[in-house]
Amino acid sequence: MNDLFTPYELKDLKLKNRVVMPPMCQYSVTDKDGIATDWHYNHYVSRAVGGTGLIIIEMTDVDPDGRITDYDLGIWSNEHIAGLARIVDACHAYGAKVGIQIAHAGRKAEDAAVPVSSSPIPFDDKSKTPRELTTAEVKEMVNKFQAGVRRAVQAGFDVIELHGAHGYLIHQFHSPLTNRRTDEYGQDLTLFGKEVIAAAKREMPEGMPLIMRISAQEYVEGGYGIKESLAIGAAYKEAGADIFHISAGGEGAIAAAGRPGTHAAYQVPLARAFKQELAVPVIAVGRLDEAALANAVIGNEDADLIAVGRGMLRNPYWTLEAGVQLGKNPGLPKQYAFGFPRISN
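Residues 1473 to 1817, numbered by our numbering, are exactly what the sequence shown covers, in order.
These aren't lab readings, by the way, just hints derived from the structure by calculation.
Treat the hints with caution; some may be incorrect.
Below, a list of computed lysine-lysine pairs in the DSBU-like style, where the Cα atoms sit at most 35 Å apart [unchecked claim]:
{"no.": "1", "residue 1": "K1673", "residue 2": "K1600"}
{"no.": "2", "residue 1": "K1800", "residue 2": "K1488"}
{"no.": "3", "residue 1": "K1673", "residue 2": "K1709"}
{"no.": "4", "residue 1": "K1747", "residue 2": "K1483"}
{"no.": "5", "residue 1": "K1699", "residue 2": "K1673"}
{"no.": "6", "residue 1": "K1709", "residue 2": "K1699"}
{"no.": "7", "residue 1": "K1616", "residue 2": "K1483"}
{"no.": "8", "residue 1": "K1800", "residue 2": "K1747"}
{"no.": "9", "residue 1": "K1611", "residue 2": "K1600"}
{"no.": "10", "residue 1": "K1709", "residue 2": "K1800"}
{"no.": "11", "residue 1": "K1611", "residue 2": "K1673"}
{"no.": "12", "residue 1": "K1800", "residue 2": "K1483"}
{"no.": "13", "residue 1": "K1709", "residue 2": "K1616"}
{"no.": "14", "residue 1": "K1747", "residue 2": "K1616"}
{"no.": "15", "residue 1": "K1600", "residue 2": "K1709"}
{"no.": "16", "residue 1": "K1483", "residue 2": "K1709"}
{"no.": "17", "residue 1": "K1611", "residue 2": "K1699"}
Build the full structure now, drawing on both the sequences and the hints.
Next comes the structure, spelled out in structure tokens:
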């Protein structure tokens, strides 16, 4: 039976354990240039020292106006490569593998003078009305994603994640709430996402997996549910997505259709559905901060990998602590060994 500290392999990706640090925006770019800073370096490398198997760098945007804020990371220029590569190399030195989440915020780009989207529908009454991308601009946006992935590969990342969740641009195209187009991208709501996947795969080594993050449930009136998201996922799987990172929400005012559960592991049933129905590896996320619970999700075969967000913000050494609690050997750095109870095995 697998557990949280069973190694995991998919294609050329080989992880020492099943613990993932999910992408979490730091809003810490200092000069609004999208270049990673010492904060990003220390933030991510400390989690590598802390034993994390896979670290996924926060939402990193393919266009200056595709950022949530001007303080987000970018990958629209070759100038971004060096700062990211510095982080990757240091994390590798401590045994972690590193991914990056490539994205565009679309209508949720707060600092863009005029945000863009699949259709001219604002997020809420306090948000700017986005400009609908022309068909030609959508195709150019695919090229921007491809160029971002090319730079990520040059920076040495082990895996690429495309952000198709939380109401950002790819999500805006595959959601009927926000895609009211009449062109080919409105006739097939998954076309943009499929084209981005295909473009990314053209830049990635054959053995490098591609992760697609998806909101499996929209908590908004008229939003899609698990049945519809499984159909979206099936299209993305056929296009080349290798792993699905299963989240939820992000599109529309969440209170309109009731809030999601706030209990532990509330999104695991969504991850389980993707794993079982689509026969794909999945990353589960959402209030999985307790080591025993995270371990049970793996043992019960509800997911293949566990993303720990808030818990890892609180404690860079979450993975080491979890290993000790579970009686596993998490690979304690010798410098820290006296700070932890002895492990019998």
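For each hint, the structure was consulted:
{"no.": "1", "hint": "K1673 <-> K1600", "verdict": "holds, 33 Å"}
{"no.": "2", "hint": "K1800 <-> K1488", "verdict": "holds, 12 Å"}
{"no.": "3", "hint": "K1673 <-> K1709", "verdict": "holds, 12 Å"}
{"no.": "4", "hint": "K1747 <-> K1483", "verdict": "holds, 18 Å"}
{"no.": "5", "hint": "K1699 <-> K1673", "verdict": "holds, 27 Å"}
{"no.": "6", "hint": "K1709 <-> K1699", "verdict": "holds, 15 Å"}
{"no.": "7", "hint": "K1616 <-> K1483", "verdict": "holds, 26 Å"}
{"no.": "8", "hint": "K1800 <-> K1747", "verdict": "holds, 26 Å"}
{"no.": "9", "hint": "K1611 <-> K1600", "verdict": "holds, 23 Å"}
{"no.": "10", "hint": "K1709 <-> K1800", "verdict": "holds, 34 Å"}
{"no.": "11", "hint": "K1611 <-> K1673", "verdict": "holds, 16 Å"}
{"no.": "12", "hint": "K1800 <-> K1483", "verdict": "holds, 26 Å"}
{"no.": "13", "hint": "K1709 <-> K1616", "verdict": "holds, 21 Å"}
{"no.": "14", "hint": "K1747 <-> K1616", "verdict": "holds, 30 Å"}
{"no.": "15", "hint": "K1600 <-> K1709", "verdict": "holds, 33 Å"}
{"no.": "16", "hint": "K1483 <-> K1709", "verdict": "holds, 15 Å"}
{"no.": "17", "hint": "K1611 <-> K1699", "verdict": "holds, 28 Å"}
Going through the hint list in order, the structure satisfies each hint without exception.
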